[in-house]
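> Got chain A sorted already, so can you dock chain B onto it with the hints?
So the chains spell out like this:
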Amino acid sequence: NAGVTQTPKFQVLKTGQSMTLQCAQDMNHNSMYWYRQDPGMGLRLIYYSASEGTTDKGEVPNGYNVSRLNKREFSLRLESAAPSQTSVYFCASTPGGMGYGYTFGSGTRLTVV
Amino acid sequence: SQQGEEDPQALSIQEGENATMNCSYKTSINNLQWYRQNSGRGLVHLILIRSNEREKHSGRLRVTLDTSKKSSSLLITASRAADTASYFCATDAWGGGSRLTFGEGTQLTVNP
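If you're matching them up, the sequences are chains A and B in order.
Just so you know, the working numbering puts 81 at position 81 of the first sequence, and the rest follows in order with no gaps.
Just so you know, the working numbering puts 71 at position 71 of the second sequence, and the rest follows in order with no gaps.
Don't read these hints as lab results, they were simulated from the structure.
Just so we're clear, the structure is a prediction, and the values are computed from it rather than from any experiment.
Think of the CB as a built atom: it goes at the ideal place given N, C-alpha and C, for glycine as much as any other residue.
Careful: at least some of the hints might be erroneous.
Chain A is nowhere near these chain B residues, computed Cβ spacing over 10 Å in every case [what the hints assert, rightly or not]:
1) I13
2) R54
3) E55
4) K56
5) R62
6) S73
7) L75
8) A85
9) P112
Restricting the straight-line Cα-Cα distance to at most 20 Å, the calculated cross-link-like pairs of lysine to any residue (SDA-like) are [what the hints assert, rightly or not]:
10) B:K56 with A:M98
11) B:K26 with A:L45
12) A:K57 with A:N70
13) B:K26 with A:M98
14) B:K26 with A:M41
15) A:K9 with B:R41
16) A:K9 with A:R72
17) A:K9 with B:S39
18) A:K71 with A:M27
19) A:K57 with A:M41
20) A:K9 with B:V44
21) A:K57 with B:R99
22) B:K56 with A:Y100
23) B:K56 with A:G99
24) A:K14 with A:R109
25) A:K9 with A:Q85
26) A:K57 with B:W94
27) A:K71 with A:A50
28) B:K70 with A:G99
29) A:K71 with B:R99
30) B:K26 with A:G58
31) A:K9 with B:N38
32) B:K70 with A:M98
Pulled out of the complex, with its shape left as it was, chain A reads as follows:
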């Protein structure tokens, strides 16, 4: 079982460049999430998708867009990268509804120079 797969694992961007972080899960989960993790700040929610066809903003959505391509895939796009977006990005999924833990991917370490 692959669980949650994130690509790429590492990326260096120049300020102003764009890129898409990919996330796919094979557990037939309904809900998917994108978080960023910065030193001393824990994880902060960027966007989430409660079910296929829906997306909503989290705590820190500015500078990002998302696409729930199908039930398996949830991508995060940076249209014009900024140094403040240097972070580790995690995708997670859960069956949906209350009472379930999240399954996390291994993360994408992004540096914007």
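Chain B in isolation, oriented as in the chain A frame:
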């Protein structure tokens, strides 16, 4: 601001000792969860406790929840070097749509 705040920020103990980490939160919750993160890896779900539960066990883990004080604790008994990791609490708030809000974590180091 973060829903969960953890205490202590860092904890260093010897193998075989017990480790206790605390989490406080601000709003009413559906459940509270604990996760472990090894260095450079993703988070792994450890245990979930519902708002109507007071204590839960899983192997060497014991979690308590006090909704009147809006606090939780994670106890790891008979710690091992392999338990060295960061531990995060996360809250699923009422009306939050199953979105978890994470604390800043406790860095646990277990010395052999």
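> Are the hints correct? Go through all of them and say.
Right, here's what the structure says about each hint:
1. Every CB of chain A lies more than 10 Å from the CB of B:I13, the least distance being 22 Å, so the non-interface label holds.
2. Distance to chain A confirms B:R54 as a non-interface residue, since its nearest Cβ pair spans about 17 Å, more than 10 Å.
3. Listed as outside the interface, B:E55 is consistent with that label: its C-beta sits roughly 17 Å from the nearest C-beta of chain A, beyond the 10 Å cut-off.
4. Interface exclusion of B:K56 from chain A stands, the closest Cβ pair being 13 Å apart, more than 10 Å.
5. With a closest Cβ-Cβ approach of about 17 Å to chain A, B:R62 is found to remain outside the 10 Å limit, as its non-interface label requires.
6. Non-interface status of B:S73 relative to chain A is upheld: no Cβ of that chain comes within 10 Å, the nearest being about 18 Å off.
7. No Cβ of chain A comes within 10 Å of the Cβ of B:L75; the nearest lies about 19 Å off, and the non-interface call holds.
8. Non-interface call for B:A85 relative to chain A: holds, since the shortest CB-CB distance, roughly 13 Å, exceeds 10 Å.
9. Non-interface status of B:P112 relative to chain A is upheld: no Cβ of that chain comes within 10 Å, the nearest being about 26 Å off.
10. Between the alpha carbons of B:K56 and A:M98 the distance comes to roughly 17 Å, so the proposed pair stays at or under 20 Å and holds.
11. Taking the CA atoms of B:K26 and A:L45, the gap is about 17 Å. The hint holds against a cut of 20 Å.
12. For a cut-off of 20 Å, the pair hint linking A:K57 to A:N70 stands: about 18 Å separates their Cα positions.
13. Among the hinted pairs, B:K26 with A:M98 is consistent with the structure: their alpha-carbon atoms are about 19 Å apart, no more than 20 Å.
14. Restraint check for B:K26 and A:M41: the C-alpha separation of about 17 Å stays at or below 20 Å, so the hint holds.
15. Of the supplied pair hints, the one linking A:K9 and B:R41 holds, its CA atoms being roughly 11 Å apart against a limit of 20 Å.
16. Restraint check for A:K9 and A:R72: the C-alpha separation of about 19 Å stays at or below 20 Å, so the hint holds.
17. This hinted pair checks out: A:K9 and B:S39 have alpha carbons roughly 15 Å apart, not beyond 20 Å.
18. A C-alpha spacing of about 10 Å is found between A:K71 and A:M27, which places the hinted pair at or below 20 Å, so the restraint holds.
19. For the hint pairing A:K57 with A:M41, the CA-to-CA distance comes to about 19 Å; that is within 20 Å, so the pair holds.
20. This hinted pair checks out: A:K9 and B:V44 have alpha carbons roughly 18 Å apart, not beyond 20 Å.
21. Restraint check: the Cα-Cα separation between A:K57 and B:R99 comes to about 11 Å, which is no more than 20 Å; the hinted pair holds.
22. Taking the CA atoms of B:K56 and A:Y100, the gap is near 15 Å; set against the 20 Å cutoff, the hint holds.
23. A distance of roughly 14 Å separates the Cα atoms of B:K56 and A:G99; the hinted pair therefore holds under the 20 Å criterion.
24. Proximity of A:K14 to A:R109 is assessed by CA-CA distance (about 14 Å); at most 20 Å being required, the pair is judged to hold.
25. Between A:K9 and A:Q85 the alpha-carbon distance is near 16 Å, which keeps this suggested pair within the 20 Å criterion.
26. Among the hinted pairs, A:K57 with B:W94 is consistent with the structure: their alpha-carbon atoms are about 17 Å apart, no more than 20 Å.
27. Taken as a hint, the A:K71 and A:A50 pair is honoured in the structure, with Cα atoms around 10 Å apart against an allowance of 20 Å.
28. A C-alpha spacing of about 18 Å is found between B:K70 and A:G99, which places the hinted pair at or below 20 Å, so the restraint holds.
29. Straight-line distance between C-alpha atoms of A:K71 and B:R99 comes to about 18 Å, which keeps the hinted pair within the 20 Å bound.
30. With a C-alpha separation of about 18 Å, the suggested pair B:K26 and A:G58 falls inside the 20 Å cut-off, and the hint holds.
31. For the hint linking A:K9 to B:N38, the alpha-carbon distance of about 16 Å falls within 20 Å, and the restraint holds.
32. Note on B:K70 and A:M98: the hinted pairing holds, with a Cα-Cα distance of about 19 Å set against a maximum of 20 Å.
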